[in-house]
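Peer 1: What follows is each chain in one-letter form.
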Amino acid sequence: AQSVTQLDSQVPVFEEAPVELRCNYSSSVSVYLFWYVQYPNQGLQLLLKYLSGSTLVESINGFEAEFNKSQTSFHLRKPSVHISDTAEYFCAVSVPMDSSYKLIFGSGTRLLVRP
Amino acid sequence: TAGITQAPTSQILAAGRSMTLRCTQDMRHNAMYWYRQDLGLGLRLIHYSNTAGTTGKGEVPDGYSVSRANTDDFPLTLASAVPSQTSVYFCASRDSGYGYTFGSGTRLTVV
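Chains A and B, in that order, are what the protein sequence lines are. Quick note, the first sequence lines up with residues 1105 to 1219 if you use my numbering. Quick note, the second sequence lines up with residues 1192 to 1302 if you use my numbering.
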């Protein structure tokens, strides 16, 4: 069965410091990988995704994630965080289901950026 | 702006009462989903629909039902609400690729 594991429920970090949010997945089939961000009292916004091609994908606001097939990981990184990056981050995989696809989510990591 | 509209935004519901959460999309996506979000558990799939006229059960379907009479609408019904159904509910759709769009959510409190 497919699953997504986000080991860190909360990551506190100081402003302008680097951060890594970890994501590991388990699947017997090829998967498509996503990171979503949820700001307080809002819905989910797509941050970045890996479908194929280059294993390093980037978002417009400085985040990047690298697909590592051998380690079944898709960790999210940012070299210098801002206060405005404080949010909940969800890793997800899109897997086949009933002639279609579904998203399976990790439990989320709360990034708390302190001044 | 194209996307998904969910209503209501929030609701307090007495246990035992029924309620329908509404979801409408204007992107003509065939696949639609209902997820619930609970602290520490992420989002879990309740029900899905691959196309109008078909529905299927996700991970946590008990106590919920859905219908898909047309492409645009995918309502979620709680027939007899219980406190464990207190959650934030998200409707989503998927395009022909792997692009998922989420609504802004419905916060439901069952008391």
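Careful, some of the hints might be misleading.
[As the list claims (entries may be wrong)] Away from chain A, derived, C-beta distances all over 10 Å, residues of chain B:
{"hint": "1", "residue": "1198"}
{"hint": "2", "residue": "1202"}
{"hint": "3", "residue": "1204"}
{"hint": "4", "residue": "1211"}
{"hint": "5", "residue": "1213"}
{"hint": "6", "residue": "1217"}
{"hint": "7", "residue": "1232"}
{"hint": "8", "residue": "1235"}
{"hint": "9", "residue": "1253"}
{"hint": "10", "residue": "1264"}
{"hint": "11", "residue": "1270"}
{"hint": "12", "residue": "1274"}
{"hint": "13", "residue": "1275"}
{"hint": "14", "residue": "1277"}
{"hint": "15", "residue": "1302"}
[As the list claims (entries may be wrong)] Derived Cβ-Cβ restraints for the label pairs, each shown as a range:
{"hint": "16", "chain 1": "A", "residue 1": "1157", "chain 2": "B", "residue 2": "1245", "range": "29 to 39 Å"}
{"hint": "17", "chain 1": "B", "residue 1": "1213", "chain 2": "A", "residue 2": "1174", "range": "41 to 51 Å"}
{"hint": "18", "chain 1": "A", "residue 1": "1175", "chain 2": "B", "residue 2": "1230", "range": "45 to 55 Å"}
{"hint": "19", "chain 1": "A", "residue 1": "1160", "chain 2": "B", "residue 2": "1287", "range": "44 to 54 Å"}
{"hint": "20", "chain 1": "B", "residue 1": "1245", "chain 2": "A", "residue 2": "1219", "range": "16 to 26 Å"}
It should be emphasised that the hints constitute simulated quantities derived from the structure, not laboratory data. Bear in mind the structure is a predicted one, so any value in this text is a computation, not a measurement. C-beta: ideal position from N, C-alpha, C; glycine also.
Peer 1: Now tell me, hint by hint, if it's right for this structure.
Peer 2: Going through the hints against the structure:
Its beta-carbon lying about 14 Å from the closest one in chain A, residue 1198(B) satisfies the requirement of being farther than 10 Å from that chain. At the 10 Å boundary, the C-beta of residue 1202(B) stays outside the reach of chain A, the nearest C-beta of that chain being 15 Å off. Non-interface call for residue 1204(B) relative to chain A: holds, since the shortest CB-CB distance, roughly 19 Å, exceeds 10 Å. No beta-carbon of chain A comes within 10 Å of the beta-carbon of residue 1211(B); the shortest separation is about 20 Å.
Once the 10 Å rule is applied to beta carbons, residue 1213(B) is consistent with being away from chain A; the minimum gap is 15 Å. Listed as a non-interface residue, residue 1217(B) keeps its Cβ farther than 10 Å from every Cβ of chain A; the least gap is roughly 16 Å. The Cβ of residue 1232(B) sits about 6 Å from the closest Cβ of chain A, inside the 10 Å cut-off, so the non-interface label is violated. Here residue 1235(B) does not stay apart from chain A, with its beta-carbon only about 8 Å from theirs, under the 10 Å limit.
With 10 Å as the threshold on Cβ separation, the claim that residue 1253(B) sits away from chain A holds: the shortest Cβ distance comes to roughly 18 Å. The claim that residue 1264(B) lies off the interface holds: its Cβ sits roughly 18 Å from the closest Cβ of chain A, which is beyond the 10 Å cut-off. Its beta-carbon lying about 24 Å from the closest one in chain A, residue 1270(B) satisfies the requirement of being farther than 10 Å from that chain. For residue 1274(B), the requirement that its beta carbon stay farther than 10 Å from each beta carbon of chain A is met, with the minimum near 22 Å.
Every CB of chain A is more than 10 Å from the CB of residue 1275(B) (nearest about 18 Å), matching its label as outside the interface. At the 10 Å boundary, the C-beta of residue 1277(B) stays outside the reach of chain A, the nearest C-beta of that chain being 16 Å off. Distance check on residue 1302(B): its Cβ is at least 20 Å (rounded) from any Cβ of chain A, clearing the 10 Å threshold; non-interface status holds. For the pair residue 1157(A) and residue 1245(B), the supplied restraint of 29 to 39 Å holds, since their beta-carbon distance comes to about 32 Å.
The supplied range of 41 to 51 Å is met by residue 1213(B) and residue 1174(A), whose beta-carbon atoms lie about 45 Å from each other. Taking the beta carbon of each, residue 1175(A) and residue 1230(B) are about 28 Å apart, not inside 45 to 55 Å as hinted. Taking 44 to 54 Å as the suggested C-beta distance range, the pair residue 1160(A) and residue 1287(B) does not conform, at roughly 26 Å. Between residue 1245(B) and residue 1219(A) the beta carbon distance is about 51 Å. The supplied range of 16 to 26 Å is therefore violated.
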